[in-house]
Amino acid sequence: MPIAAALLSVAGLAGVAVVAPILVARRIALATSIVYGASFVLAAVLLVCGLSALLGGSAFQGAVHLPIGLPWIGAHFVLDPLSAAFLVIVDFGAMIASFYAIGYGAHEEEPGRVLPFYPAFLAGMNLVVLSADAFGFLVAWEFMSLSSWALVMAHHHDAENRRAGYVYLLMASFGTLMLLLAFGLLAGPDGDYIFSAIRTAAHVPWLSGLVLVLMLLGAGSKAGLVPLHVWLPLAHPAAPSHVSALMSGVMTKVAVYAFIRVVFDLVGEPAWWWAVTVLTLGAGSAVLGVLHAVLQRDLKRLLAYSTVENVGIIFIGLGLGLAFKTNDMTGAAALAVTASVFHAFNHSLFKSLLFFGAGNVLTGSGERDIEKLGGLVHRMPETAYLFLGGCLAISALPPLNGFVSEWLILQAILLSPDLPQWALRFLVPASGAMLALAAALAAACFVRAFGITFLSRPRSPAAETAHEASRWQIRAMYALMALCLVAGVFPGPFLDALSPVSQLLVGGAMPKQPILPHFSIIPISESRSSYSGFLVFFFILMASWAAIRVIHNFASRAIRRAPPWDCGFPDPSPATQYTADSFAQPIRRVFGPIAFRAKIGQAMPPPGDMAPARLTLSLRDLVWEFIYAPLEGAVLYAAERLNVLQFLTIRSYLSLVFAALVLLLVLVATWA
Amino acid sequence: MERFSLDAAHLLAGGMVLVSFMMLYQNRILGLLNVFAAHAVVLSLSVAWQAYVQAAPHLFVTAAIALLLKAITIPVALHHMVLRLGVHRDIETVGGIGPTMLMGMGLVALSMVVMLPAAAEADPIAREDLALALSVILLGLLMMVTRQNAISQIVGFMSLENGLVLAATGARGMPLVVEISVAFSVLVAFIVIGVFLFRIRERFDTIDTQALDDFREGRE
Numbered sequence: 001m002p003i004a005a006a007l008l009s010v011a012g013l014a015g016v017a018v019v020a021p022i023l024v025a026r027r028i029a030l031a032t033s034i035v036y037g038a039s040f041v042l043a044a045v046l047l048v049c050g051l052s053a054l055l056g057g058s059a060f061q062g063a064v065h066l067p068i069g070l071p072w073i074g075a076h077f078v079l080d081p082l083s084a085a086f087l088v089i090v091d092f093g094a095m096i097a098s099f100y101a102i103g104y105g106a107h108e109e110e111p112g113r114v115l116p117f118y119p120a121f122l123a124g125m126n127l128v129v130l131s132a133d134a135f136g137f138l139v140a141w142e143f144m145s146l147s148s149w150a151l152v153m154a155h156h157h158d159a160e161n162r163r164a165g166y167v168y169l170l171m172a173s174f175g176t177l178m179l180l181l182a183f184g185l186l187a188g189p190d191g192d193y194i195f196s197a198i199r200t201a202a203h204v205p206w207l208s209g210l211v212l213v214l215m216l217l218g219a220g221s222k223a224g225l226v227p228l229h230v231w232l233p234l235a236h237p238a239a240p241s242h243v244s245a246l247m248s249g250v251m252t253k254v255a256v257y258a259f260i261r262v263v264f265d266l267v268g269e270p271a272w273w274w275a276v277t278v279l280t281l282g283a284g285s286a287v288l289g290v291l292h293a294v295l296q297r298d299l300k301r302l303l304a305y306s307t308v309e310n311v312g313i314i315f316i317g318l319g320l321g322l323a324f325k326t327n328d329m330t331g332a333a334a335l336a337v338t339a340s341v342f343h344a345f346n347h348s349l350f351k352s353l354l355f356f357g358a359g360n361v362l363t364g365s366g367e368r369d370i371e372k373l374g375g376l377v378h379r380m381p382e383t384a385y386l387f388l389g390g391c392l393a394i395s396a397l398p399p400l401n402g403f404v405s406e407w408l409i410l411q412a413i414l415l416s417p418d419l420p421q422w423a424l425r426f427l428v429p430a431s432g433a434m435l436a437l438a439a440a441l442a443a444a445c446f447v448r449a450f451g452i453t454f455l456s457r458p459r460s461p462a463a464e465t466a467h468e469a470s471r472w473q474i475r476a477m478y479a480l481m482a483l484c485l486v487a488g489v490f491p492g493p494f495l496d497a498l499s500p501v502s503q504l505l506v507g508g509a510m511p512k513q514p515i516l517p518h519f520s521i522i523p524i525s526e527s528r529s530s531y532s533g534f535l536v537f538f539f540i541l542m543a544s545w546a547a548i549r550v551i552h553n554f555a556s557r558a559i560r561r562a563p564p565w566d567c568g569f570p571d572p573s574p575a576t577q578y579t580a581d582s583f584a585q586p587i588r589r590v591f592g593p594i595a596f597r598a599k600i601g602q603a604m605p606p607p608g609d610m611a612p613a614r615l616t617l618s619l620r621d622l623v624w625e626f627i628y629a630p631l632e633g634a635v636l637y638a639a640e641r642l643n644v645l646q647f648l649t650i651r652s653y654l655s656l657v658f659a660a661l662v663l664l665l666v667l668v669a670t671w672a
Numbered sequence: 673m674e675r676f677s678l679d680a681a682h683l684l685a686g687g688m689v690l691v692s693f694m695m696l697y698q699n700r701i702l703g704l705l706n707v708f709a710a711h712a713v714v715l716s717l718s719v720a721w722q723a724y725v726q727a728a729p730h731l732f733v734t735a736a737i738a739l740l741l742k743a744i745t746i747p748v749a750l751h752h753m754v755l756r757l758g759v760h761r762d763i764e765t766v767g768g769i770g771p772t773m774l775m776g777m778g779l780v781a782l783s784m785v786v787m788l789p790a791a792a793e794a795d796p797i798a799r800e801d802l803a804l805a806l807s808v809i810l811l812g813l814l815m816m817v818t819r820q821n822a823i824s825q826i827v828g829f830m831s832l833e834n835g836l837v838l839a840a841t842g843a844r845g846m847p848l849v850v851e852i853s854v855a856f857s858v859l860v861a862f863i864v865i866g867v868f869l870f871r872i873r874e875r876f877d878t879i880d881t882q883a884l885d886d887f888r889e890g891r892e
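Line by line, the protein sequences are chains A and B. Counting from 1, one number per residue, gives the positions in the first sequence under this note's numbering. Counting from 673, one number per residue, gives the positions in the second sequence under this note's numbering.
Keep in mind that a hint or two might mislead.
Unchecked claim - So the derived label-pair ranges between C-beta atoms look like this: (1) A:G184 <-> B:V733: 44 to 50 Å; (2) B:R875 <-> A:G15: 57 to 63 Å; (3) B:F868 <-> A:A638: 30 to 36 Å; (4) B:V864 <-> A:D621: 53 to 59 Å; (5) B:F868 <-> A:G188: 49 to 55 Å; (6) B:N699 <-> A:Y653: 19 to 25 Å; (7) A:L663 <-> B:V864: 29 to 35 Å; (8) B:V864 <-> A:F647: 23 to 29 Å; (9) A:G184 <-> B:Y697: 46 to 52 Å; (10) A:F647 <-> B:Q726: 46 to 52 Å.
Just so you know, the hints here were simulated from the structure itself, not pulled from any lab data. Glycine residues also receive a C-beta, built at the ideal position from the N, C-alpha and C atoms.
For reference, chain A alone in the conformation it holds in the complex (with noise of 0.2 Å):
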């Protein structure tokens, strides 16, 4: 039974938890290595229960009830198609972030605050993953966080990260309170807390309506929807390096598994408006995500925005499934599904190279600012080229693994015509234009992410000091470049694979990949659309082999001595190349007087004076003015005025218990 094994090694996890802090204690020189080695052990056999029920069919999936927790309830495990996709996603990005942190591990400082709470939150991912009973899921979702936590605030002497726990903790503790109050809405007057009871149980329209709601503020904010994303760029990048590549890419996919199981799953019948809600909220933040991290010069921060991107094109798909399905068109819904996991799981993989490379150069150069940074291709090449890889994949460009789940969410856009509400029909062509921009900028974003970071000269002595990580941290990203490109190849058996969750999520599944010809894949049928990455990647080696041979058999093997360009900069300082502000500027422009209100100044020095001109550039962000600063203002506010109640006499007290009870009691009266 692959659950019961599954089941163990969460068990185990938490007892490596446990182990750690004494291991840490007694200064065992190999405490890192033991702990992240088991970790990866008890991943890697997560990873197989996971797969084997995806793959095996119901003979290896199933429940099982525990009796620990609350009495009445108990604890309910489940092992259906969908938990096991999402524990595969889970588990392989866990096992190979263990396996990175080996190597990683050994730059850490205080061991002591980052081995206990690693392995507690993988245990408690995996948990919110097989739980089947509210209580159990939300327990598990909170352990979640504050483990989590506890690894963003393992750098603790910085304010900065202290800041970022602090949105952190605030965030976490806003999300579960929604999705406490989402629960108590399922379970009913009754108190149906098992999700098998919450899923026969008939829900009221607009009691659905508000769970979706309350789940978009809850996961919403686990996975990073603008405008509830602000926690993000703050707490990834204040986590060691493998803790931000599993927070990126695989703790927003828990909140995106929560969303899909309550309302794809649990909740029953969608109404179209919720469609409407999900894909403004996705468009919305696919847009602005990318375009804070067109900006950003902090790398770890630039892939934090990405995420939010990316989060926001998994709920594009999932708002076109609700659309689809709301409509009853089962094919069209078990595309945007599919597309919507398996970009999960894609961008599971490429997130984590990606955090994975900036980890190394912060091991290696000590720097995250990628203004500082420059010519590290030279000093660290495989890292630089596997983080290529990742950025490729990440732009969504052919034949990797990004663009296969992004193409087939566009596919499921064009299907949107035949949808009958004329909200959805404008609406969904929108949003496929915000995720071709959101796209674009994508790519934008990671040029200049690889070309400022890795290319040209070493713009600091730390850039120039650089060394190439560990042999662990980079098997780590060899595998996941592997898999990027394996996904990206042949992804056709990646998507039969994800048939039986959307069976059990909208009731079809996409028609089944022939693995030849050419190994393409059909969203549809084959007269309408279909791509084939293993052509696309066969040509561009045709391509690349021709031009090679083509330039040098026939191009001058002469050497020519002429007057040096240099490049456009003749001039030896490492200042005058293209920083990341200025690649940047262009989308600034165009993008920054809407998006962040930016403004230009010039301060010219007065008359006489001979200082230098400055140009000064302010970006504000609105999400934090008007939605965020508004809520603090009233927070405070409030705050203030009720401190009086801090400082009142005996008899006032005794009054307001006086005239709260004879409130009560007039509500009584009154209601009954």
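Add chain B to chain A, keeping to what the hints say.
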């Protein structure tokens, strides 16, 4: 007989509400103490009647406790205290008597409106008793809120507790243990408050609780 026992129970419980109203307009402390003693006497009568009607001998113990403790011991002790504190000539002026009485009437009406439908299935004795007991409790609270003198607040608290006992005996089946422990906790509260009264008096030369607040730090 059934009808008569019901009427008598209502009479006694209603008498407690009446005495509560009397307490509300007493502006002299010694007068207030006397009325409070009457309150407790009516309570013990009411409990004793319930004991007789319900044929529940342990309620006689409750009635005896009420009589000894609340009608005699506590008023006498408070009497001594007031004399020793030298506040027996003080006149309290908190709010107007009229508005306070009107509020009290409103509270009685409220408790009737709340309790009569809520306890519709209970037997008539318990039903009316509960409503009247809630009135007594609310009036006791009102007294605590409207008075400034610490001793008046204690008396308000004690009359509130009388209301609780009335509710409990009407509802049949409150164990004697609970009743005794409540009585003792009231006694302990009384002792503690008494000690505090003297301490407060020692420090501030008054037992007006307003004076305490004037000394408190951190006020805006």
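* Which earlier hints can't be squared with this structure? -> Hint check: nothing fails, all pass.
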